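2 protein chains.
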Amino acid sequence: MKASTYRKRIASLREKLGDLPVDTVWILQPENRRYLSGFKATDGQLTESSGSLLITRKERLLVTDSRYTTEAEHEVVDFEVITLKKGLAEGFPKLLSRLGTRNLGFEEQHVTWGLHQELAKAFRKLSPPVRLFPLKGFVENMREVKSTDEVKAMEASADLMSRVLAEIIRKLRPGKTEKEIAWQIEGLTREGGAESLAFPSIVASGPNSALPHAVPTNRKIRTREPITLDVGVKLDGYCSDMTRTLFLDGAPPRFRRIYKTVREAQLAALEKIRPGVESTVPDGTARAIIREAGFGDYFGHSLGHGVGLATHEKPRLGPEKPVTLKEGMVVTDEPGIYIPGKGGVRLEEMVVIEKKGTRILTKDRHFHNF
Amino acid sequence: MKASTYRKRIASLREKLGDLPVDTVWILQPENRRYLSGFKATDGQLTESSGSLLITRKERLLVTDSRYTTEAEHEVVDFEVITLKKGLAEGFPKLLSRLGTRNLGFEEQHVTWGLHQELAKAFRKLSPPVRLFPLKGFVENMREVKSTDEVKAMEASADLMSRVLAEIIRKLRPGKTEKEIAWQIEGLTREGGAESLAFPSIVASGPNSALPHAVPTNRKIRTREPITLDVGVKLDGYCSDMTRTLFLDGAPPRFRRIYKTVREAQLAALEKIRPGVESTVPDGTARAIIREAGFGDYFGHSLGHGVGLATHEKPRLGPEKPVTLKEGMVVTDEPGIYIPGKGGVRLEEMVVIEKKGTRILTKDRHFHNF
Chain Z
1026 MKASTYRKRI ASLREKLGDL PVDTVWILQP ENRRYLSGFK ATDGQLTESS GSLLITRKER
1086 LLVTDSRYTT EAEHEVVDFE VITLKKGLAE GFPKLLSRLG TRNLGFEEQH VTWGLHQELA
1146 KAFRKLSPPV RLFPLKGFVE NMREVKSTDE VKAMEASADL MSRVLAEIIR KLRPGKTEKE
1206 IAWQIEGLTR EGGAESLAFP SIVASGPNSA LPHAVPTNRK IRTREPITLD VGVKLDGYCS
1266 DMTRTLFLDG APPRFRRIYK TVREAQLAAL EKIRPGVEST VPDGTARAII REAGFGDYFG
1326 HSLGHGVGLA THEKPRLGPE KPVTLKEGMV VTDEPGIYIP GKGGVRLEEM VVIEKKGTRI
1386 LTKDRHFHNF
Chain V
1026 MKASTYRKRI ASLREKLGDL PVDTVWILQP ENRRYLSGFK ATDGQLTESS GSLLITRKER
1086 LLVTDSRYTT EAEHEVVDFE VITLKKGLAE GFPKLLSRLG TRNLGFEEQH VTWGLHQELA
1146 KAFRKLSPPV RLFPLKGFVE NMREVKSTDE VKAMEASADL MSRVLAEIIR KLRPGKTEKE
1206 IAWQIEGLTR EGGAESLAFP SIVASGPNSA LPHAVPTNRK IRTREPITLD VGVKLDGYCS
1266 DMTRTLFLDG APPRFRRIYK TVREAQLAAL EKIRPGVEST VPDGTARAII REAGFGDYFG
1326 HSLGHGVGLA THEKPRLGPE KPVTLKEGMV VTDEPGIYIP GKGGVRLEEM VVIEKKGTRI
1386 LTKDRHFHNF
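Those protein sequence lines, which keep their order, are chains Z and V. Take the first sequence: its letter number 338 is residue 1363 in our numbering, and every next letter is one higher. Take the second sequence: its letter number 256 is residue 1281 in our numbering, and every next letter is one higher.
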């Protein structure tokens, strides 16, 4: 992303800051951190942070430790990099005093209860004391609607994934194991320039395809059974996410019917995804079609989710918690039917919401190939 | 691990429960969850859990959602799998009432402030209400000392990593890029049966080797410069972690001196790692040697850390917070010297602490190869 993009984001954050009883925002969540500063590091373990941001009306600091100083200095746009020699709990209070912080906004879905307690204790000892104020989805909400540059980045990510998936599908032969196929996907996406996978690839064949979240096994794929490929990459930070279910040498009648139902549900939902519509509507549309076809008990998950710097982000397209869809959101449309012990079908496209409907970003199509 | 291993762990947890004002323990942290139940799933994003455990004196539940039910039922030992149809906040209070929970112990380093608030609010409405009690490192402390079976698993993990690293090193040639080498490491470890890498491989050449936490780049490796390989795999859940720094066609005199200092520091520290010693002692020993050689400013990180189901776990071998080392702990010994802009050397072994000293698990040696 261009430097001006980061400046715009910071300006927008500062504007939102005016509505809150907060003078400093503290950002730990890795994608939020990257969104605002350009710092690409990930966090190895939940309890290990590679850095966090402190943003006031005037200043921007990236606070890290010596392992990440050089990377941070290379990557951040307009942030001063501060290297703490000891842990957060020790150096952080001093930093806040220097910034003149009185009310610190923190990400309540990312700061653990234990860290909050530790900091609150240290902050009470400062004079003047610093108070902690919970923020829920503060930067996540900013990330919900994508800019033109972001949509381009996601298009590139989806293009890479589509190309690789097309090649994988062309080369599918009975006897290959799920693990081998998953590994080929990873190799081709890396060679294609992906930063990493967006999530561990799902390659699920036969009865395994009945598990929405299957982990690839040593099972060999066979003809005339569902083979579900749910894959995505991260390219320049942005994720793609797409699913195809296919059959070598055609599908048995039962799965042909299931496939047609899922495809019909997906297309009907797609029609409903447009600006101004409640996020529950496309889900309800797909669910009704699946229910009417007699598979109501076999579609357990939500229809879709937002995608961006994270694979799963706002908005959620499920049966609950409606939000209004907006132009610039990027979401998945992924109904599925899963018959325990037998197999399942899921079809997923990633689409950007435009003025009058959607544009599909995951371009490769392998429908009705039986 | 054998079923009896899990039973022993649960018995030990229940015994510790007697010392706390808690009747039910709630375990969310993925490695803690696997340690106690055998459930292997990982959590895709920080805000997404694939399940959690509820353990009372009589019952063991694994609470998950429909995406993970089948996997959970296959993997867990002696846990009843409960599938919540809606989110945690909705189904959880009812479950606790069923269990008769009054005081719920939660992992304060893993439960976010926001989730705690949400649950506390729901729990207050129950009659009788459920109180939340923070647990810090409850299961992590149990994991600190390894059983014989665990040491065997870690030995197998280190063996696989050592074999792969030896092959990689044999094939190192000038002109290969860091990324290519990292990718080869990943391929060979997967072929060797690894579940995954334990962490993203570090392949850092020339000036990049001055970054303790370098990410592989497109830089081509050259002769007579440091090439640092910091690698590990996860095999049957258990991690390995090892680092070699080497030079093709020999090291320039400056790096020869740095290498000898790091190696001397590593061996001296190794001598100190034994039962009954404070964890700060080996770190101090290595640090003193590096300081005396004039490189005191260039060793920023701790000497080492515990390894197990997680790459980084207890105990920490650093200059602060001493704990007493015990037989059965598995730790790393990894001093380093990093000259910004020039390059660095880190050497790392993973060792198990035995009665009279240590046994090195990372067997391949590539020392003094210049």
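Among the clues, some could well be false.
Put simply, identical chains are the same to the list, so a pair is met inside one copy or across any two.
Within a straight-line C-alpha distance of at most 25 Å, the following computed PhoX-like cross-link-like pairs (lysine-lysine) qualify [to be verified]:
no., residue 1, residue 2
1, Lys1027, Lys1041
2, Lys1161, Lys1146
3, Lys1177, Lys1285
4, Lys1245, Lys1065
5, Lys1346, Lys1027
6, Lys1346, Lys1119
7, Lys1245, Lys1196
Hints were generated in silico from the structure; no laboratory data involved. Predicted model, so just to flag it, every value in this text is computed and none were measured.
To see whether the hints hold, each was checked on the structure:
1. Lys1027 x Lys1041: So Lys1027 and Lys1041 pass the 25 Å test inside one copy only (22 Å; across, 54 Å).
2. Lys1161 x Lys1146: both (22 Å within a copy, 16 Å between copies)
3. Lys1177 x Lys1285: neither (32 Å within a copy, 50 Å between copies)
4. Lys1245 x Lys1065: between (37 Å within a copy, 22 Å between copies)
5. Lys1346 x Lys1027: neither (34 Å within a copy, 43 Å between copies)
6. Lys1346 x Lys1119: between (41 Å within a copy, 21 Å between copies)
7. Lys1245 x Lys1196: Within one copy, since 14 Å is at most 25 Å while 32 Å is not.
When the structure is compared with the earlier hints, violations turn up for hints 3 and 5 and for no others.
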